[in-house]
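Taking our numbering, the leading residue of the sequence shown gets 1, the next gets one more, and so forth.
One thing to keep in mind: the hints can contain errors.
Claimed, not checked - Within a straight-line C-alpha distance of at most 25 Å, the following computed SDA-like cross-link-like pairs (lysine to any residue) qualify:
1. K611 - P455
2. K755 - A744
3. K499 - Y630
4. K611 - E654
5. K755 - A768
6. K755 - R687
7. K499 - I574
8. K611 - G459
9. K719 - R781
10. K442 - K719
11. K719 - E766
12. K611 - F568
13. K442 - A691
14. K75 - A130
15. K75 - G411
16. K439 - K499
17. K499 - K442
18. K439 - M594
19. K755 - A691
20. K439 - M729
21. K719 - G730
22. K719 - E505
23. K755 - L715
Keep in mind the hints are simulated off the structure, nothing from the lab.
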Amino acid sequence: MFQPKDGLAQPDGVPSMEPWESELADDLAEEFAEAEAEPRDRGVPATPSDLASGGGAGRACREDDIAVPWWRAVKNGIALGVSAVLFALALALAPSWGVARPEWFPLVVTMALVAACAGSLVYGLRSRVACATGGADVAAYAGLFVFAQQLTQYSVETFPGGALPTLAAGIVVTTVLVAVFCFFLSRLRYADWVRFVPFPVMGGALAGCGALLLLSAYHVTFGHPWQWELVADWTQLNVLLGIVPVWGPPLGLGLVLFLVYRRIHSLWWVVFFGAAATVWCLWGTRYAPTSWNAWLCSDPVVGGSNILVLSRTATFWGGVEWPVLADHSGVLLATAFLAAFVASYKLLRLEEHLGRDVGATSELHGLGLANMVSALAMGVPVSLSLGRSLGHLRSGGGGRTAAVVAALVCGAALWQVDALLMHVPRFFCVGVLVFLGGKLLKTWLVDSALEDLQPHEYGSLLLTFLVTVFVGFPQGVVCGALLSLVLGLSRHSASSSIKQVLSGEACRSNVERSPEQDATLRRIGDTILILRLRGYLSGGALSAAMRTLCERMEDPGRTLVRYVVFDFTAIRGIGSGLTRVFSALLRLGQARGMRMVLTNVPFTLEERLEKTGLSDPETQGFQLFRNLDYALEWCEDRLLEEEGRADTDELSLEELLHGVFPDVDALHRLERLLQPREYRSREYVFRQGDAADAMYFVQSGRLTVELESEDGRTLRLRKLGPGTVFGEMGIYTQAPRSASVRSAERAVVYRLSRKRLETLQAKVPELAMVLDRFLVTLLARRVASADMMVRDLMR
């Protein structure tokens with residue numbers, strides 16, 4: 001076999017046929033005839049498959065059913081129950097003490113504890129997610145605070161029997177409406193549509209709920225509502241300074257709870273603070289200033305057990321003023337709608353944290369059932385408690401056992417509600433209320449601005465927030481819903497956000513490889529999944545892509561996915577809230593052993609990914625490429641490395657073509673007619689428009705096929721690796737070169753000129769026929785790959 005020894009030859013030179021070449025052709029003809037006359041058995045050994053596909057079954061994208069020790073389940077259930085009780089006590093302050101009606105507090109507390117029981121038991125048993133638990137809905141309590149404020153504006157004559165029955169009826173009606181909304185939205189599969197709604201706009205209404213809870217906490221502390229004139233009038237500075245000593249303890253507690261919540265992801269953090277506050281009021285008051293003790297550990301209103309019995313009588317419900325209730329139905333409807341909408345959003349957030357589809361439609365139906373049970377038992381609305389659910393997950397879970405234990409704890413608190421009201425200090429409940437309200441404000445007003453919210457979306461959020469706080473709660477909810485709807489419809493069409501779903505078996509990079517590598521990629525190419533997205537890139541579009549990925553992984557007839565490529569070429573805009581979805585997508589890939597690849601990433605999105613560290617290759621983050629071709633080349637190179645088929649530069653041309661050439665002996669004889677050529681990096685083999693005078697076999701190195709446009713731009717068409725053939729079409733058609741070929745690195749190729757091919761056809765027609773069969777086989781494989789890609793595109 002020839003080796004490169006003549007230095008660098010001019011690629012455009014056409015050597016004439018020397019006498020020795022004619023003699024060599026005669027010798028080859030004799031050798032070929034003798035070889036054909038001898039019997040031989042040349043079988044090409046089959047290449048064994050090294051792909052470990054686990055039986056071809058992809059791992060199901062669902063939570064593993066891991067047995068949890070009973071003691072851990074009981075421990076987590078106790079933590080869930082106690083935290084639910086403490087949150088119920090804190091939120092019950094808003095529609096009672098928050099409107100200067102402390103006599104309403106026992107009723108609201110009992111209704112909140114009923115809802116805690118229903119959420120823990122009914123939803124905990126009904127949910128398909130082992131860590132999910134139900135609890136108090138913070139947004140619903142903000143709406144009930146507004147409703148209670150409106151009831152206090154009526155005169156005593158309006159409520160001959162008191163306003164308490166009307167308040168209870170309004171709460172129950174709201175709970176029923178939440179159940180109806182959940183059932184209706186689950187029927188419409190609304191949870192899937194919420195993925196495409198710019199929810200941060202509705203976050204303005206939630207930020208308004210946080211502000212309302214802070215206003216109620218202020219009212220609980222001072223006994224009168226907040227006066228905005230104190231901020232506008234600097235002469236009232238002494239009044240503002242006088243607020244600090246009294247406002248300090250609950251505000252400080254709320255700040256501490258917020259800091260602890262950000263750093264300790266456990267169920268026991270709020271339980272610890274509640275126990276510490278109770279112990280302080282029982283034994284530590286002697287160490288506090290006297291001015292603090294009167295408020296910190298003041299005796300709350302008791303009588304919870306009495307009101308629990310009284311509220312179940314016909315006399316109590318006979319005092320409901322239904323006309324008043326009808327007058328304020330707008331607040332109740334807005335509260336119920338916001339609660340159901342937020343529940344859908346929380347389910348999507350839970351999906352992001354778990355990295356799998358939780359069946360949001362089924363979960364919404366379960367929440368509707370829990371709310372209906374709560375309404376029948378006279379409870380407040382129930383929602384998914386996202387923070388407690390994630391804390392439950394981090395603590396090891398507990399499934400149905402933990403749900404039953406949590407419900408028993410809430411039931412015990414309801415049974416001993418009088419003792420509970422006497423021993424839990426009010427300042428702790430106010431601190432929790434401050435924590436919940438401040439958390440909503442920070443999440444939607446601060447975090448949204450610091451993350452990836454678009455300017456027009458943040459402006460809509462602020463508008464919704466201002467309308468909620470200064471115009472009215474129902475007006476703010478309607479404003480947020482309309483803005484979300486308009487933005488959602490303006491972004492998304494009726495078509496799917498996924499343009500195409502392709503596999504690496506059919507959709508290949510523009511890199512021509514050796515026949516052995518090509519066969520390997522055809523065998524394992526299905527382990528590359530390509531998702532081409534289109535339209536507006538939102539959290540819903542990415543969630544839909546994640547569901548498609550999960551469905552592909554669950555297909556038992558397909559091999560395991562090892563590389564997932566997301567192509568953003570057809571994306572025309574990007575939305576907000578994408579960082580969380582990308583994080584969930586990356587966690588899913590890391591958990592399943594898949595590498596995530598992004599192509600044609602918009603610059604703004606690339607900046608976000610770099611800022612959050614999601615595109616760091618050292619941490620197995622997203623791999624970013626400028627187009628799909630380079631991304632597929634990278635995936636194919638990794639697959640070949642894993643299969644031990646990547647290193648081909650040390651192989652001879654005969655070894656490279658061994659598996660595909662029809663006759664190995666003929667290949668050895670043909671090699672004697674080829675001329676070796678060596679090319680430096682970026683040196684042209686031939687240029688576009690040159691005469692087609694030879695064909696080439698690549699022995700080592702990489703070459704690039706480039707198309708030069710009239711305006712001077714260059715487009716990479718293909719990349720050629722060892723074992724590939726190029727220039728064969730021109731030598732048969734005698735047409736000028738349609739593209740340029742130059743080396744991307746040092747390369748060694750073997751050249752077969754047209755004159756030598758003609759001599760071969762004349763003197764050794766059998767060898768020429770073998771070469772023709774080889775070229776026809778290559779062309780047939782290219783056509784078959786193109787057909788497979790077309791079929792994949794038409795699915």
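Evaluation of the provided hints:
{"no.": "1", "hint": "K611 - P455", "verdict": "18 Å, holds"}
{"no.": "2", "hint": "K755 - A744", "verdict": "28 Å, violated"}
{"no.": "3", "hint": "K499 - Y630", "verdict": "20 Å, holds"}
{"no.": "4", "hint": "K611 - E654", "verdict": "50 Å, violated"}
{"no.": "5", "hint": "K755 - A768", "verdict": "13 Å, holds"}
{"no.": "6", "hint": "K755 - R687", "verdict": "20 Å, holds"}
{"no.": "7", "hint": "K499 - I574", "verdict": "16 Å, holds"}
{"no.": "8", "hint": "K611 - G459", "verdict": "23 Å, holds"}
{"no.": "9", "hint": "K719 - R781", "verdict": "17 Å, holds"}
{"no.": "10", "hint": "K442 - K719", "verdict": "52 Å, violated"}
{"no.": "11", "hint": "K719 - E766", "verdict": "32 Å, violated"}
{"no.": "12", "hint": "K611 - F568", "verdict": "19 Å, holds"}
{"no.": "13", "hint": "K442 - A691", "verdict": "70 Å, violated"}
{"no.": "14", "hint": "K75 - A130", "verdict": "15 Å, holds"}
{"no.": "15", "hint": "K75 - G411", "verdict": "17 Å, holds"}
{"no.": "16", "hint": "K439 - K499", "verdict": "39 Å, violated"}
{"no.": "17", "hint": "K499 - K442", "verdict": "37 Å, violated"}
{"no.": "18", "hint": "K439 - M594", "verdict": "35 Å, violated"}
{"no.": "19", "hint": "K755 - A691", "verdict": "13 Å, holds"}
{"no.": "20", "hint": "K439 - M729", "verdict": "68 Å, violated"}
{"no.": "21", "hint": "K719 - G730", "verdict": "18 Å, holds"}
{"no.": "22", "hint": "K719 - E505", "verdict": "18 Å, holds"}
{"no.": "23", "hint": "K755 - L715", "verdict": "31 Å, violated"}
Hint compliance for this structure: hints 2, 4, 10, 11, 13, 16, 17, 18, 20 and 23 are not met, and every other hint is.
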